[in-house]
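Given two chains presented individually in distinct reference frames, assemble the corresponding complex, making use of the accompanying hints.
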Amino acid sequence: MTRPRAVRLEAFGAIVQLERPRALVFVDRDYARGLGHDGGALWSRPGDDGAIGARPLRAPLEAHLQLTNRCDAGCRGCYTAATPQGAAGEWGLEEWKRAVDALADAGVFHLALGGGESAVLPWLGDLARHARARGLIPNLTTSGLAGLDNLLSVVELFGQINVSIDGVGDAYAATRGFDGFERADRAVSRLRRAKKEIGINVVVTRHNFDRLDELFAYARKRRLNEVELLRFKPAGRGERVYSELRCSDEQHRDFLPTVLKLARRHRVRVRVDCSYTPMIAWHDPGTELLAKLAVYGCTGGDFLIGAKASGVMTACSFAAPPPGKPPVDAIGGYWERPEAFGAFRTWRDAAEPCRSCPYHELCRGGCRVVSAAAGDERAPDPECPRVLAHRAGQARRVSLPVLS
Amino acid sequence: MKRGRILAVKWGLNPNSSSLGVDVTFLLFGAAFVSLVTPMVGALLRFRRTPK
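Chains as they are written, first to last, in the numbering used here: chain A, 1 to 404; chain B, 1001 to 1052.
Any given hint could be a false lead.
As the list claims (entries may be wrong) - Estimated spans, in silico, between C-beta atoms of each pair: (1) M1001(B) x L42(A): 17 to 23 Å; (2) L1028(B) x S189(A): 25 to 31 Å; (3) E239(A) x L1028(B): 31 to 37 Å.
Simulated from the structure, these hints should not be mistaken for lab results. C-beta: ideal position from N, C-alpha, C; glycine also.
Extracted from the complex, chain B is given alone in its bound form (with noise of 0.2 Å):
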């Protein structure tokens, strides 16, 4: 079986009420930090996994 991609993360939760707020902060570091935290999550996302 293929191992299959995260799309993305949609980190935080929002509280405003008006507006889809996202976090914008890892634009900091820019596309390689991103491509390190991915498989963190992918890690996490694993070990946590759900029952159906």
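Next up, chain A with everything else stripped away, as it sits in the complex (with noise of 0.2 Å):
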């Protein structure tokens, strides 16, 4: 396999990318020289100098391409609202393939592969292979319900998998409206067998947070090497059973106590996705070590973009497309437009108290998709603990039972 991209230069300095252990590292302008690269007229300007977020980055880290919108599961939550009949006008190999190639000239590092269930697809392998030829490091999310032996046969392509799973047994069943998670755990035992970097997504429910305690245990139990926490969005079919679904407030102000303990507890390393920023927040860890962990709230459109499975760039896999739908392959003509992304590059033009918080410029405002379906996308995440004290008169309250 060809090697990952190593380098790229950024305003700020350059991103450096290391295979093991696997990170990204951001590094100001003086560290890049040392390491031997020059940055010439995109060095220009002193004040960019080590200020990551003060511009958009010259591509995304990552790309999340929904290869498909074809699944036969029928969770009742799916942010896709994936069926056994997927989209109309589905992208095929050729297609893919083609924004691989994009992706790749405008720098991007990684793919996040999902659908739909992206497991079925008969040339997952070849899409797979060829990002590997052009240096980017193809990881995949499968429901592990269809597929398997498919993606048994390509998974040494893949730089992480994750299965998703939200509940043990049949905690299972009440997050997605039906019991699959005998056929899903099957699925982790087999690809645990062939791959260590084996995972679980979970979507987090008010249903299922008392009971992550569980899925801790069991990612321990079957050797994981994590657990990625995803908060409940209201984005396609999940936007019918939004407000039954969504943890609560005091669920969201509890989250990171409850995640750290948990992955302290079971020795799991534990991920939360881009939205959960305003509840890591909450919590006061400081900002330099929220910064130097590289905990950003909402990079659509900047540190990540999507794509649909017709192969319509997006922000983000929740958010509608721009107008004009650009595709994902024409993404090298559409980056540096002014009105590119709208809403999700125009953060910095936020309301109280978001304007005056010290973590904005990381958070940014929490999820701009929670903001849009309570009806103003530009508005502060209505769900931020800082925000409804903000809205209730009251002082935040100072709480770090876990970090030391």
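As structure tokens, then:
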């Protein structure tokens, strides 16, 4: 396999990719010079040196490609509203290879492949192989409910594979609306026998929040390398059941100490999605620490982009396509446009309490998709504990029960 | 020449096709641990220095 892209120069300096340990390292200009790189005209503005976020990156770090919207599972909260028929005008292998070429030319490091259920696609391995040949690392999420043999035959091509499991045993059905745990568990076991870098994705709802302990224990028992926790979003079929499944405000406030306690108890690494940054910031871990760990809120249309099964580019997988519906293989011509990705890039024009929040440079106002569902995609995330406290006229509660 | 700074490290690979996953496990150990790890990352970068 071709080695992954090593370095991408940025206005602030550079991003360097490490293979082992797997990391993207953001360095300032002097550091990049020390590694033998020179940004030339890109480094002409002194104020940009070391300032991640001062302007959008030159390209996303990762692209989230919904290779198909076909899926038989019928999860009641599916954010893509996937169906057994899929979406109209879905792209095939040749179109996605062209997209991978465009993303590679732009300087993207990683792909996150999903669906629908992408594991059933007979050309999944061809696409992953093509991504590798162009220096990108493909990663994948699967339900584990279909396409397992196909996936196992190409498992070595992927950097990380996660299986979506929202509960152990009967708790699975409480979120998804059907009992698929045994099949998903079988997939986890078989994938883990073939590969070390296997984890689970967990959509956190008010029904499984109190049972997260079982999921961490499960990950430990199956010797998985990570648990990734995802906030439930009001998108696709999820919009209809959002008020029923979204976590309560109290659960959001308890989120960080709860998951860190579980990570420590079960010795499992934990990843959280970008929409949880307001819930992390509530505990005031320090802006410098979050910046060092690259904990950012909404970086749609900047650190990441999405693409629908029809190839249309979006700021993130939950977002509606921008005007003109640019295809993802046209990223080179779209990225630098002043109006690109609309509200996703105008986060600096925030209302209070975001405007004066010390975490705003990192959090960027929380999840645009949750804000949009509440009526204004430019408004502060209405579920942010700081926003709720501000609206209630309360002082923020300082609580660092786990952090040392 | 100034040595420069490591600004941030984004750990791991994100398989989730719906959002930017970030590893927060290090929050368990706090800023001191990150300060210890950063020089080690720097050593790896310089050791594995790659051509332009």
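For each hint, the structure was consulted:
no. : hint                           : result
1   : M1001(B) x L42(A): 17 to 23 Å  : holds (18 Å)
2   : L1028(B) x S189(A): 25 to 31 Å : holds (28 Å)
3   : E239(A) x L1028(B): 31 to 37 Å : holds (35 Å)
Of the hints listed earlier, there is not a single one the structure fails to meet.
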